[in-house]
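Sequences and hints are given; from them, build the entire structure.
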Amino acid sequence: GAVVSQHPSWVICKSGTSVKIECRSLDFQATTMFWYRQFPKQSLMLMATSNEGSKATYEQGVEKDKFLINHASLTLSTLTVTSAHPEDSSFYICSARTVNYGYTFGSGTRLTVV
Amino acid sequence: RKEVEQDPGPFNVPEGATVAFNCTYSNSASQSFFWYRQDCRKEPKLLMSVYSSGNEDGRFTAQLNRASQYISLLIRDSKLSDSATYLCVVTRNNAGKSTFGDGTTLTVKP
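These protein sequence lines map, in sequence, to chains G and D.
Using this note's numbering, the letters of the first sequence map in sequence onto residues 1 to 114.
Using this note's numbering, the letters of the second sequence map in sequence onto residues 1 to 110.
I should point out that these hints are in silico values taken from the structure, not numbers from a laboratory.
Only a predicted model underlies this, so the values are computations on that prediction, with no experimental measurement involved.
Treat the hints with caution; some may be incorrect.
When the alpha-carbon atoms are kept at most 27 Å apart in a straight line, the in silico DSS-like pairs for lysine-lysine are as follows [to be verified]:
#1 G:Lys20 to D:Lys42
#2 G:Lys41 to D:Lys79
#3 D:Lys97 to D:Lys2
#4 G:Lys66 to G:Lys20
#5 G:Lys64 to D:Lys97
#6 D:Lys79 to G:Lys66
Facing chain G, from chain D, some residues (calculated, C-beta under 8 Å) [stated by the list, open to error]:
#7 Lys42
#8 Glu43
#9 Pro44
#10 Gly54
#11 Leu87
#12 Lys97
#13 Phe100
#14 Asp102
Cβ atoms here follow ideal geometry from the backbone N, Cα and C, with glycine treated the same way.
Right, here's the structure in full:
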């Protein structure tokens, strides 16, 4: 139980285009999802907290207009990287908190902007 | 000072060795603690939660010392398949924001 499905697994896009990443909780309702970014050889850094039916909360230094988060239902949260640039190339991963206070992660999306 | 700090590693050990990782956290209000395992280019997977009383799962033992604000992970009888990066995760409150350590890389060699 407590599976989070994330896709796409990887995406290559041209600079200036937008990319949408989806995370779905398959067998539970996730009122809150967390979006992280991980650069090579670094740890996961929280970008934003996505709350169902309300605005996301962004961490300091994360541009909310660049990283659009939508959490319109209890099972789906999306992250859209707008006007992507090569420096946005990273591993993006979502997670949701489960009832046992552990976190279930999506499989991650490797974004490469060329 | 980082909110969560881990042994920098890397740890290179032979099969069968016992290895221990430490992690310290700076916020005394932290409430939940976890060890995650991350294989290269894959998502982190929960290895075990860490409780004040300590907990054991097979070859893995996790301990929490609230007074000294550190948690530890002990791996006994290391296997080649234990090679991975181990992440210490600390949650500050029940709202769920977590802070990850930078990870400690373990390589178990034949």
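Outcome of the hint check:
{"no.": "1", "hint": "G:Lys20 to D:Lys42", "result": "holds, 19 Å"}
{"no.": "2", "hint": "G:Lys41 to D:Lys79", "result": "holds, 23 Å"}
{"no.": "3", "hint": "D:Lys97 to D:Lys2", "result": "holds, 15 Å"}
{"no.": "4", "hint": "G:Lys66 to G:Lys20", "result": "holds, 12 Å"}
{"no.": "5", "hint": "G:Lys64 to D:Lys97", "result": "holds, 18 Å"}
{"no.": "6", "hint": "D:Lys79 to G:Lys66", "result": "violated, 43 Å"}
{"no.": "7", "hint": "Lys42", "result": "holds, 7 Å"}
{"no.": "8", "hint": "Glu43", "result": "holds, 4 Å"}
{"no.": "9", "hint": "Pro44", "result": "holds, 6 Å"}
{"no.": "10", "hint": "Gly54", "result": "violated, 17 Å"}
{"no.": "11", "hint": "Leu87", "result": "holds, 7 Å"}
{"no.": "12", "hint": "Lys97", "result": "holds, 7 Å"}
{"no.": "13", "hint": "Phe100", "result": "holds, 5 Å"}
{"no.": "14", "hint": "Asp102", "result": "holds, 4 Å"}
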